[in-house]
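A.B. asks: So the sequence lines, in the order shown, correspond to chains G and A. Once you know that position 66 of the first sequence is 1496 in the working numbering, the rest is easy, because the numbers rise by one and skip nothing. Once you know that position 19 of the second sequence is 17 in the working numbering, the rest is easy, because the numbers rise by one and skip nothing.
By construction, these hints were calculated from the structure, which means they are not laboratory data. Just so you know, not all the hints are guaranteed correct.
Said to hold, decoys possible - When the alpha-carbon atoms are kept at most 25 angstroms apart in a straight line, the in silico SDA-like pairs for lysine to any residue are as follows:
(1) Lys55(A) with Ala1524(G)
(2) Lys1475(G) with Gln39(A)
(3) Lys1472(G) with Asp52(A)
(4) Lys1475(G) with Glu1433(G)
(5) Lys12(A) with Thr111(A)
What the hints assert, rightly or not - Per label pair, the in silico range of CB-to-CB distance:
(6) Glu13(A) with Cys1470(G): 23 to 29 angstroms
(7) Gln1461(G) with Ile49(A): 17 to 23 angstroms
(8) Ser78(A) with Asn1523(G): 34 to 40 angstroms
(9) Ser1483(G) with Pro37(A): 32 to 38 angstroms
(10) Thr3(A) with Cys1470(G): 47 to 53 angstroms
(11) Val1443(G) with Ser78(A): 31 to 37 angstroms
(12) Thr95(A) with Gly1484(G): 20 to 26 angstroms
(13) Pro37(A) with Pro1444(G): 26 to 32 angstroms
(14) Ser1511(G) with Gly38(A): 21 to 27 angstroms
(15) Gly1(A) with Asp1507(G): 27 to 33 angstroms
(16) Gln39(A) with Asp1507(G): 28 to 34 angstroms
(17) Thr1448(G) with Thr111(A): 43 to 49 angstroms
We put the CB at the ideal spot given by N, CA and C, even for glycine.
Single-letter residue listing:
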Amino acid sequence: RKEVEQDPGPFNVPEGATVAFNCTYSNSASQSFFWYRQDCRKEPKLLMSVYSSGNEDGRFTAQLNRASQYISLLIRDSKLSDSATYLCVVNTNAGKSTFGDGTTLTVKP
Amino acid sequence: DGGITQSPKYLFRKEGQNVTLSCEQNLNHDAMYWYRQDPGQGLRLIYYSQIVNDFQKGDIAEGYSVSREKKESFPLTVTSAQKNPTAFYLCASSTETANSPLHFGNGTRLTVT
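Model the full assembly from the supplied sequences, consistent with the hints where possible.
C.D. replies: Structural data, given as structure tokens:
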């Protein structure tokens, strides 16, 4: 079993749709959590950190459930520019980052 | 502007040759990392370094070597022992706390034929 698992995708949604991605992790000692966005053939870029109380950044909402060991990312009012691969990342208390395989989103007009 | 610079962007080598990928950062970050990404897959950790003159193997270190002689620099050598070296290589750095996100360079795409 992988340490970090994501919805396999791909997700194909129309503009304006709401889409949610889930990610589960196996290490209960995991310390911090992040969502990254990666465009085709580019480096990953930090989208947002995920806090225990949940957090929102514009159209993006991230939530963490430590008891069930999963995190989620909700995108509201999808834009064409949201098309990318979204990577779930989990840090241990030793600072090691483990990546999920990513979920690909395509937003269509 | 602070950031991480990887060079070159594209690299072509013949099988059996060693090749060194450059990674330099001016973010004053203590920790640096090398990841490998294959098509349709996530990032896998090759090596990481949390302090100068010290580094640890990641999940797929076989066939690779690194050095960390300066805080700013963390070069990766892909040796001829690496069975499938063709991949996208990403260097990252962080402030070396468990809560710190990674900052990535723009990657080196290595093709070995």
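A.B. asks: All the hints need checking, so say for each whether the structure fits it.
C.D. replies: Quick rundown of the hints versus the structure:
1. With a C-alpha separation of about 14 angstroms, the suggested pair Lys55(A) and Ala1524(G) falls inside the 25 angstroms cut-off, and the hint holds.
2. Restraint check for Lys1475(G) and Gln39(A): satisfied, since their Cα atoms lie roughly 16 angstroms apart, inside the 25 angstroms limit.
3. With a CA separation close to 29 angstroms, the supplied pair Lys1472(G) and Asp52(A) exceeds the 25 angstroms bound.
4. With a C-alpha separation of about 21 angstroms, the suggested pairing of Lys1475(G) with Glu1433(G) holds against the 25 angstroms cut-off.
5. Between Lys12(A) and Thr111(A) the alpha-carbon distance is near 5 angstroms, which keeps this suggested pair within the 25 angstroms criterion.
6. Between Glu13(A) and Cys1470(G) the CB atoms are about 27 angstroms apart, so this pair conforms to the stated range of 23 to 29 angstroms.
7. As the Cβ distance of Gln1461(G) to Ile49(A) is approximately 19 angstroms, the hint placing it in 17 to 23 angstroms holds.
8. Checked against the given bound of 34 to 40 angstroms, the beta carbons of Ser78(A) and Asn1523(G), roughly 37 angstroms apart, stay inside it.
9. Checked against the hint of 32 to 38 angstroms, the pair Ser1483(G) and Pro37(A) passes, with Cβ atoms roughly 37 angstroms apart.
10. The beta-carbon spacing between Thr3(A) and Cys1470(G), approximately 21 angstroms, falls outside the hinted interval of 47 to 53 angstroms.
11. A hinted range of 31 to 37 angstroms for the beta carbons of Val1443(G) and Ser78(A) is inconsistent with their spacing of about 45 angstroms.
12. Taken as a hint, the range 20 to 26 angstroms holds for the pair Thr95(A) and Gly1484(G), whose Cβ atoms sit roughly 22 angstroms apart.
13. Between Pro37(A) and Pro1444(G) the Cβ separation comes to about 27 angstroms, which falls inside the hinted range of 26 to 32 angstroms.
14. Distance hint check: the CB atoms of Ser1511(G) and Gly38(A) are about 22 angstroms apart, consistent with the given range 21 to 27 angstroms.
15. A beta carbon spacing of about 31 angstroms between Gly1(A) and Asp1507(G) agrees with the range 27 to 33 angstroms that was offered as a hint.
16. Evaluation of the 28 to 34 angstroms hint for Gln39(A) and Asp1507(G) yields a pass: the beta carbon distance comes to about 30 angstroms.
17. Between Thr1448(G) and Thr111(A) the CB atoms are about 45 angstroms apart, so this pair conforms to the stated range of 43 to 49 angstroms.
The earlier numbered hints that this structure contradicts are 3, 10, 11.
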